[in-house]
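K.L.:
Order-wise, the sequence lines are chains R, C, S and Y.
Just so we're aligned: 153 in the working numbering is position 153 of the first sequence, and the numbers increase by one with no gaps anywhere.
Just so we're aligned: 44 in the working numbering is position 44 of the second sequence, and the numbers increase by one with no gaps anywhere.
Just so we're aligned: 59 in the working numbering is position 59 of the third sequence, and the numbers increase by one with no gaps anywhere.
Just so we're aligned: 36 in the working numbering is position 36 of the fourth sequence, and the numbers increase by one with no gaps anywhere.
Keep in mind that the hints were calculated from the coordinates and are not lab data.
It is possible that some hints are incorrect.
[Unchecked claim] Straight-line C-alpha distance at most 30 Å; calculated DSSO-like pairs for lysine-lysine: (1) K102(R) - K382(R); (2) K437(C) - K382(C); (3) K279(S) - K476(C); (4) K297(R) - K382(R); (5) K245(Y) - K437(R); (6) K245(Y) - K476(R); (7) K437(C) - K23(S); (8) K476(R) - K23(Y); (9) K245(Y) - K279(Y).
[As the list claims (entries may be wrong)] Derived contacts from chain C toward chain Y, CB cut-off under 7 Å, selection only: (10) M9; (11) S302; (12) K437.
Glycine included, each C-beta is placed from N, C-alpha and C at the ideal position.
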Amino acid sequence: MDRSVRGRMGTTLPSLDVPEEPLPPDGLLRGDLELPEVSEGELVRYFSQLSQLNFSIDTNFYPLGSCTMKYNPKLHDEMASLPGFSQIHPHQPESTVQGALKLVYQLQGLLSELMGMAAGSLAPLAGAGGELAGMLMTRAYHLSRGDTARSRVLIPDSAHGTNPASATMAGFEVVTLPSDADGNTDLDALRRTAGDDLAGVMLTLPSTLGLFDTNILEVCRIVNEAGGIVYGDGANLNALLGRAKLGELGFDVVHSNLHKTFSTPHGGGGPGAGPVMVAERLVPFLPAPVVERRESKEGGESYTLATPPQTIGKMGAFHGNFGVLVRAYTYIRLLGNAGISQISEDAVISANYVLSRLRHDYDLPYDRHCMHEVVLSARSLKRDHGVSALDVAKRLIDYDIHPPTMYFPLIVDEALMIEPTETESRETLDYFIDVMKTIAQEAQDDPALLHDAPHDTPNTRLDEARAARRPDLRWKPA
Amino acid sequence: MDRSVRGRMGTTLPSLDVPEEPLPPDGLLRGDLELPEVSEGELVRYFSQLSQLNFSIDTNFYPLGSCTMKYNPKLHDEMASLPGFSQIHPHQPESTVQGALKLVYQLQGLLSELMGMAAGSLAPLAGAGGELAGMLMTRAYHLSRGDTARSRVLIPDSAHGTNPASATMAGFEVVTLPSDADGNTDLDALRRTAGDDLAGVMLTLPSTLGLFDTNILEVCRIVNEAGGIVYGDGANLNALLGRAKLGELGFDVVHSNLHKTFSTPHGGGGPGAGPVMVAERLVPFLPAPVVERRESKEGGESYTLATPPQTIGKMGAFHGNFGVLVRAYTYIRLLGNAGISQISEDAVISANYVLSRLRHDYDLPYDRHCMHEVVLSARSLKRDHGVSALDVAKRLIDYDIHPPTMYFPLIVDEALMIEPTETESRETLDYFIDVMKTIAQEAQDDPALLHDAPHDTPNTRLDEARAARRPDLRWKPA
Amino acid sequence: MQSAGFTSPYSPHTDADRSVMLKAIGVSSVEELFQDIPPQHRSPILNIPDPLPELDLRREIEAMAGENVVPGDYPCFLGGGTYRHHVPAVVRQIAGRGEYMTSYTPYQPEVAQGTLQTTYEFQSLVSQLTGMEVANAGMYEGATALAEAALMAARITRRERIAVLDSVSPSYMQVLRTYSQGPGLTLDSVTSATDPLSTETACLIVQQPNFYGYLEDLEGLAERAHAQGALLVVCSDPIALGMFKPPGDYDADIVVAEGQSLGVAPSYGGPYVGFFACKERHLRQMPGRIVGKTVDTQGRTGYVLTLQTREQHIRRERATSNICTSVALIALVTTAYMAAQGRRGLRHVAELCYHKAHYAASLIERIPGYSLPFDGTFFREFVVTCPLPPAETNERLLERGIIGGLDVSPSVDNGMLLCVSEANSRAEIDSLAEALAEIGVG
Amino acid sequence: MQSAGFTSPYSPHTDADRSVMLKAIGVSSVEELFQDIPPQHRSPILNIPDPLPELDLRREIEAMAGENVVPGDYPCFLGGGTYRHHVPAVVRQIAGRGEYMTSYTPYQPEVAQGTLQTTYEFQSLVSQLTGMEVANAGMYEGATALAEAALMAARITRRERIAVLDSVSPSYMQVLRTYSQGPGLTLDSVTSATDPLSTETACLIVQQPNFYGYLEDLEGLAERAHAQGALLVVCSDPIALGMFKPPGDYDADIVVAEGQSLGVAPSYGGPYVGFFACKERHLRQMPGRIVGKTVDTQGRTGYVLTLQTREQHIRRERATSNICTSVALIALVTTAYMAAQGRRGLRHVAELCYHKAHYAASLIERIPGYSLPFDGTFFREFVVTCPLPPAETNERLLERGIIGGLDVSPSVDNGMLLCVSEANSRAEIDSLAEALAEIGVG
Ligand SMILES: Cc1ncc(COP(=O)(O)O)c(C=O)c1O
Ligand SMILES: Cc1ncc(COP(=O)(O)O)c(C=O)c1O
């Protein structure tokens with residue numbers, strides 16, 4: 001920390017109330033540990049000032065596609081920090097944490113119901129952790145049947161990078177599955193590749209194009225018949241809550257991102273949670289632990305941590321990101337049946353509203369209704385005015401709007417992936433739409449304005465090449 | 001709220017779990033109540049965005065003279081919001097709030113000790129409330145002695161506006177006491193006016209010039225001999241903590257501003273607290289309630305709310321700003337003896353450092369060491385370059401520094417009253433000093449730059465005349 | 001371990017910093033800077049405990065907090081000026097932002113638009129709620145707001161008698177008395193019946209709902225006051241205003257209220273916030289800060305403190321009040337609360353209180369030995385006549401884990417003022433009624 | 001009361017909004033937007049409870065939280081991977097700022113310098129603490145960080161055997177096993193004695209202090225690993241690093257740690273943060289986000305995500321890890337904690353733990369029937385052999401209001417792993433010793 005000065009204190013030193021023990025020999029002890037030395041007030045100012053350099057949901061429209069940047073209710077944080085939740089130790093005897101276990105048990109049930117699955121485990125620590133768990137279950141399932149040749153996992157060309165990375169970590173070979181002209185799974189390609197070596201597919205529904213794959217039932221049928229497992233990347237569940245259950249469509253396993261669909265705060269890049277919910281045949285393989293409910297003969301109930309019989313193992317040292325689970329539970333219970341279905345309705349209306357009002361200003365790669373997000377393209381702007389998706393994104397910053405996801409999915413040139421979410425008002429969407437139109441106009445009138453954007457931030461565009469070439473990843477004490 | 005839209009909800013409606021009672025007749029009920037209708041997320045964004053438009057201690061150097069804008073420790077807020085403090089009701093039986101009463105009792109003692117007084121009441125709700133209490137005690141004291149002709153209160157020309165206002169509210173006539181050439185009380189003037197009609201004087205020590213009145217013992221003697229009461233405005237106690245006790249100097253009553261000296265947050269303009277501590281002869285007149293300690297014969301202790309025998313009455317419906325008292329108590333206990341004395345030492349060093357480094361760039365009305373704050377003047381800048389104290393103040397904003405107090409005390413032309421406090425680092429002071437020097441230079445080179453300042457804020461200078469001429473004090477529903 | 005000596009975490013100065021600075025100042029020791037203090041009084045012995053580290057201190061303070069019996073853990077039926085209502089989490093979160101907590105009075109509007117615009121919002125909401133034309137930025141709390149209203153009425157009418165309805169809160173009366181000493185105002189207690197006001201009466205003060213929870217006949221009272229040229233000052237209740245006709249509709253001249261019930265924690269009595277609203281024609285006699293909307297040099301909307309010539313820092317001994325630091329942060333809490341509740345929410349909360357209080361009254365009324373001495377419409381509070389002295393009844397309740405009501409036996413024989421809000425569940429109410437029945441006559 | 005139907009406070013859309021938008025979209029009902037869903041699966045029955053208002057929900061959840069026995073209210077001596085330490089209030093306050101809480105991965109550096117610069121600070125502090133050259137922005141938690149370190153070592157050495165010292169935490173071992181399945185790594189359990197490593201060994205994994213609280217001979221272990229061309233991977237403890245020589249001083253190649261003890265609440269096991277540091281030459285094999293310092297087009301310093309070609313969103317199936325969303329906010333908590341403790345504070349906390357744990361051990365050792373089975377230097381944890389099975393001992397302790405230690409009898413006969421930190425007062429320690437003495441042999 002640049003403001004460190006030898007001798008300053010940022011806190012007080014608790015007193016020693018026991019006799020001193022001689023310290024271990026010097027050889028074991030370290031010399032000076034150069035941590036920052038700042039007063040408490042300087043600390044607060046440092047972190048407060050820096051915080052204001054962030055755009056955030058609390059302060060900005062943040063239509064970052066695929067990330068579901070919705071409002072994070074403040075009640076959740078209060079619930080998660082109740083001492084009865086935040087101060088309990090993961091090794092406590094189960095009899096002393098029945099409230100916590102009950103909450104986990106109930107959340108397992110709620111998420112299973114929402115996804116139409118038989119059961120699930122809340123142990124995975126983020127979406128990618130859920131993917132890894134799902135792929136390891138796929139592996140364990142096939143192996144448990146002596147089916148040892150299933151080495152390949154099909155993944156759409158539009159998929160998020162974590163999908164192929166997770167499949168690889170689970171020991172599979174990744175084969176890319178193309179999309180058809182409508183943005184659906186290319187069924188012919190699927191049929192060609194779905195053979196005896198097929199372990200499974202990883203699908204995102206709606207896809208990262210923001211489209212509901214109208215071939216989905218057929219896809220599941222083909223994979224199933226080929227003996228494969230259908231994995232659902234649930235990052236986009238915000239579109240489907242209460243509208244469709246992935247289990248009913250034929251999915252075998254789905255992870256959901258509690259930090260997206262279930263509104264737990266994104267924290268500048270986590271923590272999240274990536275529970276996996278599964279169909280009957282995968283239940284024995286779930287990651288540990290799961291919470292089970294026991295009824296005593298007297299009608300009392302108790303909850304216990306259990307290890308599924310053929311578990312793939314643990315996804316972390318303890319029982320999942322409990323603090324995140326409390327938030328998601330609070331969310332689902334407050335909104336309830338009626339509120340949950342309203343989420344997808346409003347999210348989908350908002351995205352389509354943006355689509356319909358911007359379709360003539362930007363390219364629309366697939367001319368269909370979208371689901372909860374819309375992928376536009378700056379292809380024509382680029383061709384005609386040399387203005388890229390990046391330029392558009394950076395220019396939005398000048399209007400206090402966080403840029404959409406850019407250049408993803410990879411199959412759309414100059415992609416701008418816009419996810420408004422259900423928590424943004426129509427007025428905000430109108431403002432965004434107006435700004436996007438203005439920017440399209442600016443691209444014609446004054447492309448340099450966009451190339452140089454953003455203008456009003458403490459930093460203009462940063463030299464990323466230099467950062468990678470000459471990595472400066474830490475300060476060192478003088 | 002400009003973003004209100006009919007039908008939106010910012011919260012949930014608690015359920016009705018009892019039978020309904022018929023409502024009173026329509027004639028008693030109101031029609032629509034036009035409060036804002038916004039979603040919870042919009043609410044958070046509205047208030048979060050607006051908050052960032054404030055300069056604050058958490059984010060800026062804030063050397064606002066006379067206000068002691070020191071760092072507000074975060075521990076205090078946690079302590080004040082412990083359910084055992086924040087959720088207790090002021091009408092609870094005393095047996096159920098012994099912890100709260102003990103804290104108040106202990107704080108009474110700590111403040112009395114710090115000010116060298118016999119006792120005190122924590123009931124006044126801010127500094128001005130303490131002043132009013134003090135003046136009413138002065139009144140009650142004289143009346144209790146049948147001394148009915150004491151109608152005048154002497155107040156220095158440098159005093160804060162609350163002093164004369166409070167004296168008036170207590171029914172006194174205010175007479176202005178001039179300062180001498182060194183910034184001390186003009187003893188001759190005092191002798192001339194201290195007669196039989198003298199109720200008392202209201203002194204600030206150090207004075208609002210940031211100076212320790214070297215005549216103070218003589219002042220107290222004269223007033224005392226004339227039969228008057230010496231009231232101390234303790235707004236500037238940050239300079240004296242552990243260095244001098246006002247009671248020992250001859251003061252009869254002192255208020256202190258817990259939101260200044262004792263670091264409770266200023267809250268954008270309160271809440272604060274203004275305890276009054278008094279010498280023996282005023283104890284019977286203290287505002288109610290005070291907390292008393294009872295010992296039982298078995299050695300147990302208990303605390304009770306008491307009404308002093310000749311009390312001037314209550315200063316608010318309940319027992320003072322308890323939440324503020326918890327914070328001040330926490331502050332004093334954490335710092336303790338050693339830490340408390342360090343406050344004044346560091347505050348005084350900082351102010352003198354600023355003084356000594358800026359004395360050639362700005363006018364110094366009194367060429368003496370100052371105490372915890374220094375009053376400079378832009379008199380020469382004004383005369384030579386047409387640049388006022390206001391211009392300097394506004395220009396500081398462009399450097400992310402909150403302006404000092406301006407045009408106060410009234411006896412210094414173009415006053416800039418700078419109070420760095422002990423919680424600002426030397427680096428921050430050096431930055432401020434450099435900026436002040438730069439501004440002095442800018443005043444010569446480019447006065448318009450200063451007249452137009454600030455430049456980088458969402459608002460440039462605001463039209464205050466218009467605001468007062470055509471008051472627009474609220475929105476009205478459409 | 002090395003005993004490090006105490007270093008304050010709040011002061012960044014190191015010994016090295018201090019010596020650099022002292023050198024720049026040109027003194028050889030810090031003592032020189034304090035030499036103006038008479039030597040015999042310099043650096044006195046300070047009988048204050050030693051520093052306590054945060055961990056140790058926290059333990060001590062938590063223990064003190066733990067000695068208190070906490071409503072919520074215990075069902076609680078106290079009201080009488082402080083009310084327990086559910087506070088949505090979002091309200092706390094908003095008011096906790098450092099930029100609001102640690103700024104001060106917005107003297108420099110260019111760097112205080114956060115405080116200024118939210119205060120403008122506060123004034124607007126208070127005006128709406130009370131049905132008045134204008135409101136200020138808030139007073140310390142309800143009782144001092146009421147006292148300042150009396151002083152203001154006296155200034156406006158140049159009269160010196162204050163008529164106070166006998167159903168006004170006794171502690172508010174005490175504060176009125178405190179504030180009346182200076183200007184020498186006379187307080188006349190009047191009943192809701194027909195006591196005539198005099199032509200020397202500056203104002204008639206009415207609490208609505210009154211201290212006992214019941215509605216007063218504001219229409220009749222307004223007429224009585226205005227007939228004598230006196231102002232009508234109403235001390236109102238913000239939650240009640242969610243459903244009842246506001247004082248503005250009855251031609252009230254000044255309306256004050258304790259704002260605590262709108263999202264502010266009880267905190268053993270403070271800090272709270274006083275609402276203060278009046279007719280526009282009395283604006284320049286108002287005490288307190290006022291924020292106004294204006295424009296900047298580039299024509300953009302902005303907010304400033306305005307009409308400051310009323311205030312102590314300009315007008316000094318002729319100011320409308322001595323108030324300076326007020327309770328901006330608490331006003332912000334109520335603003336966030338009102339905005340969160342919105343049009344439908346506040347009405348809903350008010351009706352919940354109404355239904356729950358009536359449910360409680362209906363249960364208790366049926367218990368032998370208990371009765372409701374007053375007739376009329378009540379809102380969230382009502383008085384019960386107990387068979388035992390209320391203090392004793394409360395003790396018995398406490399033994400059963402219930403914090404009872406306020407003892408108002410000084411004014412109503414064996415009277416206990418019970419308060420029921422949405423924060424009291426039906427189960428709590430039922431347990432109160434059961435306990436009262438059990439306690440019975442002893 | 002009007003039954004208003006449920007309106008979500010989180011969605012601002014009113015029916016009027018919806019119809020305007022649907023019209024602009026050009027559909028007559030929202031159902032049309034969902035028509036791609038196969039009709040037989042559209043809008044299934046959803047067996048989810050009805051909406052619950054905040055007040056009601058809060059009551060329910062507080063009741064659940066209330067069913068748990070809370071360390072702090074009860075003296076607690078559990079460690080084993082999660083540690084109770086005093087957290088200064090300032091740490092919580094900082095991490096609670098909405099701008100940190102509600103932003104996401106800093107893909108757009110111009111509007112994320114807050115997250116980026118504090119992450120750079122985090123990396124610097126982790127590097128300092130571990131004595132390593134570079135650190136990343138954090139992993140999910142300690143155990144997955146360790147597992148990823150094993151995968152990284154396998155990539156670097158192109159070897160497939162992972163040697164794990166038998167004193168590594170059993171739950172960390174389980175996670176290692178989970179992560180080893182995919183790449184087909186073999187885990188070899190080795191003792192601290194002289195088991196030779198093979199030339200197929202990618203790395204030797206050591207926990208320091210080990211699971212039982214004792215120091216391992218890092219110097220010897222480093223030699224053994226390096227002699228075979230294997231990497232030394234150390235799973236460290238951040239508080240211990242406040243006083244003990246860091247793994248970097250022993251030539252460790254990769255160092256991971258669970259960061260929870262630095263200011264993060266236990267929260268029943270998560271969210272936590274995994275520290276991950278290594279030698280600079282292995283940088284490009286690191287998993288996870290990395291922030292680098294650079295300049296903007298105007299030459300001003302700024303921070304960006306860097307070396308992203310390692311990551312899944314660029315490299316996809318050839319990425320160094322699948323990690324995407326990590327635990328930035330928890331990393332921030334530890335950053336604030338480390339900065340608050342500073343140079344002197346962390347050392348002090350470490351020494352307090354050391355003294356208190358030894359005090360506890362010395363008391364318990366003297367109780368007949370109890371003994372310390374291990375020799376060597378321990379830090380904050382130690383194993384006690386109990387006369388009764390630890391599970392039973394713990395039950396008896398709980399009856400006395402004490403949460404005992406971790407049952408490690410699977411690996412140590414009647415072994416209980418006790419943890420004592422500065423959060424345990426002497427009174428707590430004394431009461432534990434007394435209780436153990438009382439419980440004795442049954
Ligand atoms: C479509 C998709 N899949 C998977 C992920 C990975 O989830 P997480 O970041 O929680 O690991 C993301 C998140 O960015 C995503 O957008
Ligand atoms: C010297 C002085 N006296 C009195 C006061 C009044 O104190 P308060 O604002 O707490 O009422 C102030 C506060 O600004 C002050 O600076």
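K.L.:
Against each hint, give a clear statement of whether it holds in the structure.
P.N.:
Structure-based check of all given hints:
no., hint, verdict
1, K102(R) - K382(R), "violated, 54 Å"
2, K437(C) - K382(C), "holds, 15 Å"
3, K279(S) - K476(C), "holds, 15 Å"
4, K297(R) - K382(R), "violated, 71 Å"
5, K245(Y) - K437(R), "violated, 59 Å"
6, K245(Y) - K476(R), "holds, 18 Å"
7, K437(C) - K23(S), "holds, 20 Å"
8, K476(R) - K23(Y), "violated, 60 Å"
9, K245(Y) - K279(Y), "holds, 17 Å"
10, M9, "holds, 4 Å"
11, S302, "violated, 24 Å"
12, K437, "violated, 24 Å"
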